Amino acid sequence: MSHLKKRKLAMSVVAVAAASLLALSGCGSDTGSSKNSAGGGDSAITVFNGATGAISENWNPFSPTMLQPTQGVIYEPLFYYNLAAASEPTPILATAYSWNDAGTELTITNREGVKWSDGQPLTSKDVAYTFNLIHENPALNTSGLNATAKATDEKTTVLTFEKSSFMQEPQILGNQAIIPEHIWSKVTDPTTTINANPVGTGAYKVKSFNAQSYVLEKNPNYWEAGKPEIDNVQYISLATADAASAALVAGKVDWMSSFLPNLKQMIGTQKNLSYVNTPAMTTSLFSCSNAALGCKGAQTDVAVRQAIFNAMDRTQLNKLAAGDFAAAASPTLLLPERDKKWIANPDDVEINQSADVAKATGILEDAGYAKGSDGIYAKDGQRVSVTVQVVAGWSDYISAVQVLTSQLKEAGIELKSIQLSYNEWSSNQTKGTFELTLDSIGLGASDNPYYTYQPRFNSSTTAKVGQDASTGGNYARYQNKTVDAELAKAASTEDEAAQKASYAVIQKEIVRDLPYIPIYVNSTLTEFNTDRATGWPTNDDKYAFAASWKSWDNGIVLKSLTPAKK
Amino acid sequence: MRFYLQKLVFYVVALWAALTLNFFLPRWMPGNPVDILISKLSAKGPVSESTRHALELLLGTNSDQPLILQYLSYLGSVFRGDLGVSVTYFPANVTNIIGEALPWTIGLIGVATIISFVVGIALGQLAGWKRGSWLDNVIPVTTMFQAVPYFWLALVLLFLLASKVQMFPLSGGYDVYSVQPGMSWDFISSVFYHGALPALTIVLSSIGGWMMGMRNMMVSTLSEDYIVTAEAKGLHPRRIMTSYAARNAVLPSLSGFAISLGFVVSGSIVTEMVFSYPGIGSALLTAVQSNDYALMQGIFLVITISVLGANLLVDLLYALIDPRTRVRA
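Protein sequences appear in the order of chains A and B.
Note that the UniProt record's numbering numbers the first sequence so that position 492 is 492, with each residue one more than the last.
Note that the UniProt record's numbering numbers the second sequence so that position 38 is 38, with each residue one more than the last.
Hint data in this document are derived by calculation from the structure and do not stem from the laboratory.
This one's a predicted model, so the numbers in the text were calculated from it and none came from an experiment.
The C-beta atom is built at its ideal place from N, Cα and C for all residues, glycine as well.
Heads up, some of the hints might be wrong.
[Said to hold, decoys possible] Estimated spans, in silico, between C-beta atoms of each pair:
no., chain 1, residue 1, chain 2, residue 2, range
1, B, P103, A, P261, 57 to 63 Å
2, A, T90, B, A17, 58 to 64 Å
3, A, K163, B, Y71, 41 to 47 Å
4, A, T534, B, L75, 45 to 51 Å
5, B, K130, A, P261, 53 to 59 Å
[Claimed, not checked] In silico DSS-like links for lysine-lysine, alpha-carbon gap of 25 Å or less:
no., chain 1, residue 1, chain 2, residue 2
6, A, K431, B, K164
7, B, K40, A, K464
8, A, K264, B, K164
9, A, K264, A, K296
10, A, K371, A, K409
11, A, K271, A, K542
12, B, K130, B, K233
13, A, K271, B, K130
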């Protein structure tokens with residue numbers, strides 16, 4: 001026993017010594033150039049798309065948990081919709097499309113000369129197969145597609161809908177990966193396959209995979225001549241925002257999208273770093289606005305919402321909470337820069353950035369509120385005191401709420417806040433069990449305002465407090481017959497002028513009612529390292545939504561890059 | 001025989017109770033997996049009204065089924081070894097995810113636990129043998145490390161040794177930039193290098209207990225008559241220390257060691273958080289954040305089984321070593 005024990009001890013000492021030696025030597029070789037794996041003139045970049053923890057392999061373009069480059073980098077859509085700028089859809093796998101007048105038939109012409117990464121040609125049969133597969137499998141049908149498809153000849157596909165479906169257009173053209181029939185017809189269960197060796201038309205194909213990172217390599221059969229130029233793209237998983245920013249500074253990551261409050265200083269000291277800001281999500285106070293559906297609290301009174309809207313000093317909020325990166329929002333909840341043509345009233349393009357306390361208190365007084373001894377307005381013994389729910393750990397939102405609390409106090413409104421876990425916050429929001437909640441208005445399928453308004457303002461997308469509001473969703477419990485009617489009208493036509501007329505009516509209603517009180521358009525910061533690759537989107541040329549987590553845009557950005565040292 | 005049967009029945013009941021809690025606890029938490037998936041998807045792109053329906057079909061989260069039926073089918077599948085499908089890593093099996101995460105945790109925490117036990121016992125033995133030497137002064141220092149909250153100690157070391165003096169890497173299980181996992185020297189050395197600092201923190205924070213326990217047991221063993229006899233026989237002091245004193249003094253520590261091995265799996269959460277280490281702890285955190293019932297239950301099951309298993313082993317072993325424990329009081 002004693003000898004055995006001694007040997008054990010000796011062994012463990014050796015092990016510790018070996019480990020620390022390794023540590024030292026490993027350190028020495030590691031601090032130098034970070035990437036020497038890609039030798040022989042191969043160009044390679046590393047992307048961090050927000051993945052944390054272990055990565056699970058899944059290249060199934062129908063799966064909700066697919067790896068992000070599945071869409072756009074490996075599989076491609078028919079058209080590409082750039083949500084970062086006002087633009088027309090760019091042809092990808094299709095070159096043209098047209099609707100019949102009733103909006104029940106969509107004819108798509110596909111691009112000739114496209115090959116799958118296994119060398120087989122893409123035909124209209126593949127396009128038809130993709131849409132029929134979705135139609136036949138309700139579990140794949142996340143978009144509510146109600147169409148059957150038919151390949152009428154080698155390059156033409158016709159989709160037939162049961163009813164007028166103009167508003168399905170961006171979903172079908174821009175948000176659906178086209179898959180090869182010759183591979184997928186052999187897949188036994190398209191809902192659960194992880195599609196380990198994906199065959200797509202995209203610029204890259206899978207080279208290697210493991211739980212911490214995966215590598216994509218150039219697709220030699222890619223249809224666009226001479227592209228892509230970067231040979232390998234590595235996607236990695238990092239633990240935290242801190243780890244990500246350290247990796248960026250160390251030159252270990254070439255492309256990532258994280259909010260780094262000290263970004264401007266970082267860029268100032270390192271020449272090879274640059275960034276682009278694509279503000280896209282309107283950070284807003286969502287209010288449970290409809291007493292008829294069971295909302296409780298002072299914010300169910302439209303006067304209170306208007307007062308809150310006017311009492312905000314948005315310049316200060318931007319400085320103190322958003323790192324001065326946020327852009328002005330529009331009370332119509334559209335994006336002022338991109339969607340100017342859709343905003344009917346020029347006064348509604350951008351919100352007044354400074355606070356108008358007099359106007360806020362005026363609105364309250366006109367509505368019958370009187371200031372109490374505590375400086376807070378009240379009516380019928382009810383104080384104007386509302387509680388806002390924020391996700392614990394979302395530091396920029398938490399500081400926004402702190403700033404808001406003192407700003408609203410000036411106008412005689414008491415704002416209290418509670419921090420919740422993400423799960424509880426999200427559950428409360430869907431169920432309507434909140435007074436105010438701080439969230440953002442996400443991107444729609446295209447820049448048509450229908451995709452912003454339909455889910456959030458249509459009566460059909462809401463529910464009583466306590467029940468789940470349907471996806472999307474109308475969390476404010478907003479109901480307005482005029483808005484419902486105009487949304488239906490806009491959906492039934494392809495005529496932009498008619499749509500604009502409908503949106504003008506809707507905008508008037510929602511700017512007055514303010515179920516979602518906009519604060520600012522929050523920044524989406526994307527950081528690049530230009531040492532290994534150039535050709536990234538810039539603030540002047542937003543040819544794609546630059547964020548490293550944005551699905552289809554990734555494919556466009558990656559094939560636009562060129563190796564830095566030629 | 002009756003004793004062993006009683007023990008076994010007790011552990012089966014404990015396992016059943018744990019499984020039942022395991023089923024109900026996640027369901028009492030707010031939020032549901034479909035909501036979480038939808039809000040994640042909506043950040044990446046548009047989601048439409050049909051998304052919820054499709055996801056419910058896909059994940060089989062049929063909330064119409066009565067809870068009791070869900071419970072029964074859960075118990076049934078656990079005994080068939082089917083832990084279900086993870087929502088976070090859909091469509092991967094929970095068994096596979098745990099299988100991938102477990103080696104990291106067992107490797108890091110297991111090895112660190114063994115090192116701290118072996119080193120602690122060895123130092124404690126010496127300290128007890130040479131009472132009043134400088135080694136006695138080491139004990140308060142090590143117990144201080146044990147008293148300091150573990151995450152704080154780990155953060156301080158991470159800051160000092162990985163951020164200020166860049167001796168160790170900041171995070172991860174290996175260097176993802178230049179190394180491919182496999183049976184290559186590059187990969188193995190990278191794993192050692194990345195595991196060194198987390199292992200060091202665990203050893204530092206747990207060595208004190210072993211050392212103190214062993215030292216005090218040594219001291220009381222050394223006053224036994226058979227030690228005096230051994231000395232009178234003129235045996236070599238080292239032989240007395242190891243074969244006569246330490247061998248008997250280590251017994252209570254051994255049972256403690258078996259129990260701490262049982263906690264290897266569950267004790268990893270904070271370590272893996274601080275060092276962003278892949279393993280069961282990170283998997284559990286992800287599961288909780290996404291309301292991934294199946295994955296949570298799978299991990300709890302592994303933790304439960306490892307703790308219960310280690311306890312059972314100690315119980316049975318002790319009864320074998322010390323017959324007195326078998327007799328009812």
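Practice item. Could you check the hint for me, namely that B:P103 and A:P261 are 57 to 63 Å apart, CB to CB? Key: violated (38 Å)
Review point. CA of A:K371 to CA of A:K409, is that 25 Å or under?
Key: Distance ~12 Å between A:K371 and A:K409 Cα, so the pair holds.
**Study point:** Restraint check for B:K40 with A:K464, where alpha carbons must lie at most 25 Å apart
**Key:** holds (24 Å)
**Study point:** Range agreement (Cβ of B:Y71 with Cβ of A:K163, hint 41 to 47 Å)
**Key:** holds (43 Å)
Exercise for review: Assess, step by step, whether the Cα of A:K271 is no farther than 25 Å from the Cα of A:K542, and give holds or violated.
Suggested key: Distance ~21 Å between A:K271 and A:K542 Cα, so the pair holds.
Practice item. Sort out whether B:K164 lies within 25 Å of A:K431, counting only the CA atoms. Key: violated (47 Å)
Check your understanding: When you check the alpha-carbon spacing of A:K264 and A:K296, does it fall within 25 Å?
Key -> violated (43 Å)
Review point. Taking the CB of A:T534 and the CB of B:L75, does the distance hold inside 45 to 51 Å?
Key: Since the Cβ atoms of A:T534 and B:L75 sit about 59 Å apart, the hinted range of 45 to 51 Å is violated.
Check your understanding: That 53 to 59 Å hint for B:K130 and A:P261 (C-beta), does it hold up?
Key -> Roughly 55 Å apart at Cβ, these two residues keep to the hinted range, so it holds.
Check your understanding: When you check the alpha-carbon spacing of A:K264 and B:K164, does it fall within 25 Å?
Key -> Satisfied, since the Cα-Cα distance of roughly 23 Å is no more than 25 Å.
Practice item. Starting from the range 58 to 64 Å, see whether the pair A:T90 and B:A17 falls in it by beta-carbon distance. Key: Since A:T90 and B:A17 have Cβ atoms about 60 Å apart, the given range 58 to 64 Å holds.
Check your understanding: CA of B:K130 to CA of B:K233, is that 25 Å or under?
Key -> Judged against 25 Å, a Cα distance of about 20 Å means the pair holds.
Comparing the model with each earlier hint shows violations of hints 1, 4, 6, 9 and 13; every other hint is respected.
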